[in-house]
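Engineer: Here are the chains, one letter per residue:
Protein chains: 2
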Amino acid sequence: MVQINGDRLIATLREVAQFGAYKTGVHRPTFSSQDMDARAWLIQRMEQAGLSASIDGVANVIGRSSNNGPVLLVGSHSESQNYAGWLDGILGVIYGLELAQSIHEQGLPFAVDVGAWSDEECHYLQFLGSRSFCDDLADHEIDVARNKDTREPLRDALRRVGLEGRPRELIDPSRYVGYLEAHIEQGDYLDSHDLKAGIVTSIVGLWQYRITVKGQQNHAGATRMVARKDAGVALMRLFAMIEERFPQIAGERSVWTVGKIELDPGAPSIIPGGAEMLFQFRDESLVQLERFERELVGLIEKLNAAGPCEYELHIVDKAVPKVMDPSLQNHLEAAAERFAPGKAVRMPSGAMHDAQIFAKRLSASMLFVPSIGGISHHWTENTSDDDIILGGRIFASAAGSILKEAAV
Amino acid sequence: MVQINGDRLIATLREVAQFGAYKTGVHRPTFSSQDMDARAWLIQRMEQAGLSASIDGVANVIGRSSNNGPVLLVGSHSESQNYAGWLDGILGVIYGLELAQSIHEQGLPFAVDVGAWSDEECHYLQFLGSRSFCDDLADHEIDVARNKDTREPLRDALRRVGLEGRPRELIDPSRYVGYLEAHIEQGDYLDSHDLKAGIVTSIVGLWQYRITVKGQQNHAGATRMVARKDAGVALMRLFAMIEERFPQIAGERSVWTVGKIELDPGAPSIIPGGAEMLFQFRDESLVQLERFERELVGLIEKLNAAGPCEYELHIVDKAVPKVMDPSLQNHLEAAAERFAPGKAVRMPSGAMHDAQIFAKRLSASMLFVPSIGGISHHWTENTSDDDIILGGRIFASAAGSILKEAAV
Chain V
22 MVQINGDRLI ATLREVAQFG AYKTGVHRPT FSSQDMDARA WLIQRMEQAG
72 LSASIDGVAN VIGRSSNNGP VLLVGSHSES QNYAGWLDGI LGVIYGLELA
122 QSIHEQGLPF AVDVGAWSDE ECHYLQFLGS RSFCDDLADH EIDVARNKDT
172 REPLRDALRR VGLEGRPREL IDPSRYVGYL EAHIEQGDYL DSHDLKAGIV
222 TSIVGLWQYR ITVKGQQNHA GATRMVARKD AGVALMRLFA MIEERFPQIA
272 GERSVWTVGK IELDPGAPSI IPGGAEMLFQ FRDESLVQLE RFERELVGLI
322 EKLNAAGPCE YELHIVDKAV PKVMDPSLQN HLEAAAERFA PGKAVRMPSG
372 AMHDAQIFAK RLSASMLFVP SIGGISHHWT ENTSDDDIIL GGRIFASAAG
422 SILKEAAV
Chain F
22 MVQINGDRLI ATLREVAQFG AYKTGVHRPT FSSQDMDARA WLIQRMEQAG
72 LSASIDGVAN VIGRSSNNGP VLLVGSHSES QNYAGWLDGI LGVIYGLELA
122 QSIHEQGLPF AVDVGAWSDE ECHYLQFLGS RSFCDDLADH EIDVARNKDT
172 REPLRDALRR VGLEGRPREL IDPSRYVGYL EAHIEQGDYL DSHDLKAGIV
222 TSIVGLWQYR ITVKGQQNHA GATRMVARKD AGVALMRLFA MIEERFPQIA
272 GERSVWTVGK IELDPGAPSI IPGGAEMLFQ FRDESLVQLE RFERELVGLI
322 EKLNAAGPCE YELHIVDKAV PKVMDPSLQN HLEAAAERFA PGKAVRMPSG
372 AMHDAQIFAK RLSASMLFVP SIGGISHHWT ENTSDDDIIL GGRIFASAAG
422 SILKEAAV
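Order-wise, the sequence lines are chains V and F. If you want the numbering used here, it's the 1-based position in the first sequence plus 21. If you want the numbering used here, it's the 1-based position in the second sequence plus 21.
Careful, some of the hints might be misleading.
[Said to hold, decoys possible] List time: in silico DSBU-like cross-link candidates among lysine-lysine, alpha-carbon distance up to 35 angstroms:
hint	chain 1	residue 1	chain 2	residue 2
1	F	169	F	339
2	F	425	V	250
3	F	169	F	364
4	F	235	V	235
5	F	44	F	250
6	F	381	V	235
7	V	339	F	235
8	V	235	F	169
9	F	235	V	364
10	F	250	F	235
11	F	364	V	169
12	V	169	F	169
[Stated by the list, open to error] Where chain F lies over chain V, by a calculated footprint (3+ residues, C-beta under 8 angstroms):
hint	region
13	127-134
14	239-248
15	266-275
16	286-297
17	311-318
18	369-375
Hints were generated in silico from the structure; no laboratory data involved. Here a beta-carbon is modelled for each residue, glycine too, at the ideal position from N, C-alpha and C.
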C-alpha cells in the first residue's frame, strides 16, 4: 500500500497557494505570470518526485514515471478561477505529486504519471489542456479562442508565455490502465451529510442556452406603459416561469441557473429594447435534460405567441452525461471504506472536470473531498486539513490497488 | 406676429444633423468633436441672426438680442444621446434660432435670447449647462463628474475642448419675462391621438433607486437547488412583484422602468452572489410617487423577511414634479389653436427637460411636437416635416404674444 506524508501534502498545497495568493484563496488565471510560475515550480517538484517532467505547447505540465509495469494517469488543473479558492484543481495535481513522491521515496513498484491540464477553468478555452492531450482539439479552435476578460487571443497568450511553436503532447492510451482525478466537491452534499469521500458515478450533462428578447427601445419617461415593448420585463417573465415550472419537473439532483442577464442599452432612463440571459441546466439523466429542454421551448413558444416581444433560444452547448468507470469506482470505494468507514457515498458530479475528457479515451473516475459550506469559485472556498489528508490517503490507496490489480 | 420660414427651418435642422450624422439620426455626445463643431456652427448662425453669441465655461452657447424691451429666453440642448435621434434637443435650439432670424429679418421689436444648454443628456453631468446658467451648480460637482461611457473626468473634457478657465455665464432673472422650450414629445401620445401640439403642464417627478441583493456566490453545477442563495433569482422575484403590484396602484400616466440589471459575477456557471438593478418611476403627483415608494419598500421588507437573500434599497434621486407657468401655457395654447385648431392638448412631460431647471428661476413652459411612433433615444426617432414646421409656427407665435403682452 502507498503511504503518503500528510504533513508534507498540506505544506505543498500551502506552498503552491503562494502563486497568486489572494486573501485566503488564489488568483491564478491561465497564462498569467503567477500561473506560469506555478507550472515551472510544478516541473521542479515533479522531477524531485522522480518523474520526467516538461511543459507542452498548451502549457500542460506532464510528469512521467520511468517505473515498469502498468501506468496510472492522475491529475487535474493548476490554474484557478479569478479570485477563487486555493484547492479547486490544484488539489488533484498535488495529490498526484505526493503520490509520486511517496512511491519514489519508498521505492514502490508503481508507475504513476501526473498531469496538470491547462485552462480547465476556461479563461481562454475550456478543457484546453485535457482536450489537447486527448487529441480532441482542432488547431482552428486555438486560433479563434480569446481570453474571456481581456479578449487577448489565445495564440498571443501562448507567444507571450514562450510556448509558441512547442508541440502539443498527445496521449498514448495503450500506456495507461486508467485516469484518476481528485477534486473538491464544490457542493455542500458531503459537508452537510458529514461524509468524507464522494465516489463520482458520472459527470452530469450540461445544456447551455443564450436567450435573447427583442422589444422596442424607448424613453422611460415619455412612453406610456401600454405602448411599451420592454425587453427586460419580457425576460423577467420567462425567468419567473422557469423558476415556477422547473422545480415541478426536476429530478432529485437537477440544477438550473441563470448566470448572466444583460439589458440593452442598460441605462436608467431607457426602456430596454433588447435583453439577453445565459441559462443552463444539468442532470445525470439524458431523459431529464430533454424534459427540461422541451419545457423551455414550450415556455418560449407560449411567450412568443402572447407578444409583444420576440424571444429567441440559442443553443450554446449540449454536453451529454459521462459515466465513470465502475471498476475504478470500486477501488475508490474500497479505499474510502478502509480509511473512513461508512463515510463515502457514490454521487454524480454536477461540475465539469477534466475526467470527462479523459473518459473518452481511458477508464476514468473521480474522488471528491468535502467543501466547507459547499463554497467554490470564491476565495473563501476551503476544506479542513484533516479532510484533505484523508482524501489524499484514499486517493493513494486506490491508485495502489488499481495498479496492483492491473499488474496481476 | 412673427412669421417663420418653414423651408429654412427644415434646411437648418438637416444642416446641423450633419454634425455626428449616424444613419437617419446623430451621434453627438457632449464634448465630442462633432458636438463642439455643432456649437461653433451655432455661434456663427446666431450671429447671422443678429444675436451676440458666445460659448461659456461649460459649453453653453448663448445668443443675446440687442433689441429693447422685455426679453424672452428660449432654447434647449444641442448634444444627443449616443446614436440617437436628429431632433431630440436641437429642435428647440433651432426653433429659437429661426425665431431670432425671422425677428431680425423682419425688423420686429422683439427681444429673444437663444441658449443651447450643455449636457442635458448626462454624458458627464445631467443638466450641466442649464444648472450652471441658473446658478444651481457647485464647482465641486464639476470636479467629480466623469463621462458615463469613457470615465473621462469632466475637468479633463473641458480642458480638451479648450474651455478650461473660461467663466460660466449666469442668468440675470431680471432680464427675462420667461423661458420657453420646444421639444419632441418622445412618447406616442400626440402621434397616436392625431394631435399636433402638447402644452406641458408639469414635468413629472422622477424617483430613482439602485436595488442590490446579496446572496451566496457558488458553483452552478455542484450546488444543490435547496442550498442556494441565488441573488439573480431573488432580484427576479422583486422585479416580478413590482410588475404585478404597480399596475394596481398606478395613476393614469404613471410609468416605471427597470433600466439595468447586473448579476455578479455574471458568468454562465456561477450562481450569482450579488445582483443589482436600476429602478425608477415617474408621476406628476407627489402623492402617487410616495405611494409607489411605500409599495416598493413594503415589497423589499417582505422579501427580506422571507430570505434567504438580503435586499437593500438605495435612493439615487427623488426629483419632485415641476409645474409649468399657467400664463405661458395659455399663450402656447392660443397659438396652437390658431395654427391647428383642436389639435393641442395639455399634458405632463414624462421626460426631464432643461425647462425644469429654469422653472426655479423664471416662469417657464414647454411645447411638445409629435414623435412618430413615440420613438426616442434611438436613431429612428423622427417627426414629419409638416409637424416640425407647424410646431415652429406655434412656438414663434406664442413667443410673439408673450413679448407683446409683456411690453404693454
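Engineer: Against this structure, judge whether each hint is valid.
Structural biologist: Hints and how they fare:
Restraint check for residue 169 (chain F) and residue 339 (chain F): satisfied, since their Cα atoms lie roughly 20 angstroms apart, inside the 35 angstroms limit. For the suggested pair residue 425 (chain F) and residue 250 (chain V), the alpha carbons sit about 45 angstroms apart, so the restraint of at most 35 angstroms is broken. For the given pair, residue 169 (chain F) sits about 39 angstroms from residue 364 (chain F) by alpha-carbon distance, which is inconsistent with the 35 angstroms threshold. Distance restraint check for residue 235 (chain F) and residue 235 (chain V): the Cα-Cα separation of roughly 29 angstroms lies within the 35 angstroms cut-off, and the hinted pair is therefore satisfied.
Using a Cα cut-off of 35 angstroms, the hinted pair residue 44 (chain F) and residue 250 (chain F) is violated, with the two alpha carbons roughly 45 angstroms apart. Between residue 381 (chain F) and residue 235 (chain V) the alpha-carbon distance is near 40 angstroms, which puts this suggested pair outside the 35 angstroms criterion. About 31 angstroms separates the Cα atoms of residue 339 (chain V) and residue 235 (chain F), which keeps this hinted pair within 35 angstroms; it holds. Our distance criterion of 35 angstroms between C-alpha atoms is met by residue 235 (chain V) and residue 169 (chain F), whose separation comes to about 25 angstroms.
Distance hint between residue 235 (chain F) and residue 364 (chain V) is fulfilled; the C-alpha atoms sit about 34 angstroms from each other, no more than 35 angstroms. For the given pair, residue 250 (chain F) sits about 8 angstroms from residue 235 (chain F) by alpha-carbon distance, which is consistent with the 35 angstroms threshold. Restraint check: the Cα-Cα separation between residue 364 (chain F) and residue 169 (chain V) comes to about 55 angstroms, which exceeds 35 angstroms; the hinted pair is violated. For the hint linking residue 169 (chain V) to residue 169 (chain F), the alpha-carbon distance of about 23 angstroms falls within 35 angstroms, and the restraint holds.
Against chain F, the region 127-134 of chain V contributes 0 residues with a C-beta closer than 8 angstroms to a partner C-beta. That does not satisfy the three-residue criterion, and the hint is violated. Check on the region 239-248 of chain V: 9 of its residues sit with their Cβ under 8 angstroms from a Cβ of chain F, so the three-residue criterion for coverage holds. Counting residues of the region 266-275 of chain V whose CB lies closer than 8 angstroms to any CB of chain F gives 4, so the stated coverage by that chain holds, three being the minimum. Residues of the region 286-297 of chain V lying with their CB closer than 8 angstroms to a CB of chain F number 9, which satisfies the three-residue condition for coverage.
With a cut-off of 8 angstroms between beta carbons, the region 311-318 of chain V has 0 residues touching chain F; three or more are needed, and the interface restraint is violated. Under the rule that three or more residues need a Cβ within less than 8 angstroms of chain F, the assignment of the region 369-375 of chain V holds, with 4 such residues.
Consistency with the previously given hints fails for numbers 2, 3, 5, 6, 11, 13, 17, ordered from lowest to highest.
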